[in-house]
Amino acid sequence: METSLCSTDGECVFPFWYRKEKYYDCVKLNFKHKWCSLNTTFAGYWKYCALSDFAPCAFPFWYRRVIYRECTEDGEVFGRKWCSLTPDYNRDLVWKYC
Numbered sequence: 034m035e036t037s038l039c040s041t042d043g044e045c046v047f048p049f050w051y052r053k054e055k056y057y058d059c060v061k062l063n064f065k066h067k068w069c070s071l072n073t074t075f076a077g078y079w080k081y082c083a084l085s086d087f088a089p090c091a092f093p094f095w096y097r098r099v100i101y102r103e104c105t106e107d108g109e110v111f112g113r114k115w116c117s118l119t120p121d122y123n124r125d126l127v128w129k130y131c
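The opening residue of the sequence shown carries number 34 in the working numbering; numbering runs sequentially from there.
There's no promise every hint is true.
To be verified - Taking lysine-lysine and the DSBU-like style, the derived pairs with C-alpha atoms no more than 35 angstroms apart in a straight line are:
#: 1; residue 1: Lys65; residue 2: Lys129
#: 2; residue 1: Lys55; residue 2: Lys67
#: 3; residue 1: Lys65; residue 2: Lys53
#: 4; residue 1: Lys129; residue 2: Lys114
#: 5; residue 1: Lys65; residue 2: Lys80
#: 6; residue 1: Lys61; residue 2: Lys80
#: 7; residue 1: Lys114; residue 2: Lys67
#: 8; residue 1: Lys53; residue 2: Lys129
#: 9; residue 1: Lys129; residue 2: Lys67
#: 10; residue 1: Lys80; residue 2: Lys129
#: 11; residue 1: Lys129; residue 2: Lys55
#: 12; residue 1: Lys53; residue 2: Lys114
#: 13; residue 1: Lys114; residue 2: Lys80
#: 14; residue 1: Lys65; residue 2: Lys114
#: 15; residue 1: Lys53; residue 2: Lys80
#: 16; residue 1: Lys55; residue 2: Lys114
#: 17; residue 1: Lys61; residue 2: Lys129
#: 18; residue 1: Lys114; residue 2: Lys61
#: 19; residue 1: Lys55; residue 2: Lys80
#: 20; residue 1: Lys53; residue 2: Lys67
#: 21; residue 1: Lys67; residue 2: Lys80
#: 22; residue 1: Lys55; residue 2: Lys65
Simulated from the structure, these hints should not be mistaken for lab results.
Please model the complete structure; the sequences and the hints are all you need to start from.
Okay, structure coming up:
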């Protein structure tokens, strides 16, 4: 990361911009552990993510032509449950395993 100030307090901001990319959850870029930005556009303020920092599922969310109100296995080849991190998966294509 560029010049940065790590914090142990503060709230993760989702989504956040880092190097012209938009992130909807904690990331592992250039570090051993996942981290998040404390600003909407990364300005050098960040922290390592604790379990409570990871982005929550966005319920309800659209996937294909269905509205989901809980994690689903639909469309997942290995049958693992997943959810969208935004209300419209079809548009944003951002998800995580539940």
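Each hint, compared with the structure:
1. Lys65 to Lys129: 19 angstroms, holds
2. Lys55 to Lys67: 15 angstroms, holds
3. Lys65 to Lys53: 22 angstroms, holds
4. Lys129 to Lys114: Distance ~9 angstroms between Lys129 and Lys114 Cα, so the pair holds.
5. Lys65 to Lys80: Status holds; Cα separation ~13 angstroms.
6. Lys61 to Lys80: 12 angstroms, holds
7. Lys114 to Lys67: Answer holds: Lys114 to Lys67 is near 22 angstroms, not above 35 angstroms.
8. Lys53 to Lys129: Distance of about 21 angstroms is within 35 angstroms: holds.
9. Lys129 to Lys67: 14 angstroms, holds
10. Lys80 to Lys129: The given pair, whose Cα atoms are some 20 angstroms apart, holds under the 35 angstroms limit.
11. Lys129 to Lys55: 15 angstroms, holds
12. Lys53 to Lys114: Between Lys53 and Lys114 the Cα gap is close to 30 angstroms, so the pair holds against 35 angstroms.
13. Lys114 to Lys80: OK: Lys114 and Lys80 at ~28 angstroms, within 35 angstroms.
14. Lys65 to Lys114: 26 angstroms, holds
15. Lys53 to Lys80: With a Cα-Cα distance of about 19 angstroms, the restraint between Lys53 and Lys80 holds, given a limit of 35 angstroms.
16. Lys55 to Lys114: 24 angstroms, holds
17. Lys61 to Lys129: With a Cα-Cα distance of about 14 angstroms, the restraint between Lys61 and Lys129 holds, given a limit of 35 angstroms.
18. Lys114 to Lys61: 22 angstroms, holds
19. Lys55 to Lys80: 17 angstroms, holds
20. Lys53 to Lys67: 19 angstroms, holds
21. Lys67 to Lys80: With a Cα-Cα distance of about 9 angstroms, the restraint between Lys67 and Lys80 holds, given a limit of 35 angstroms.
22. Lys55 to Lys65: 20 angstroms, holds
In terms of the numbered hints stated before, the structure departs from none.
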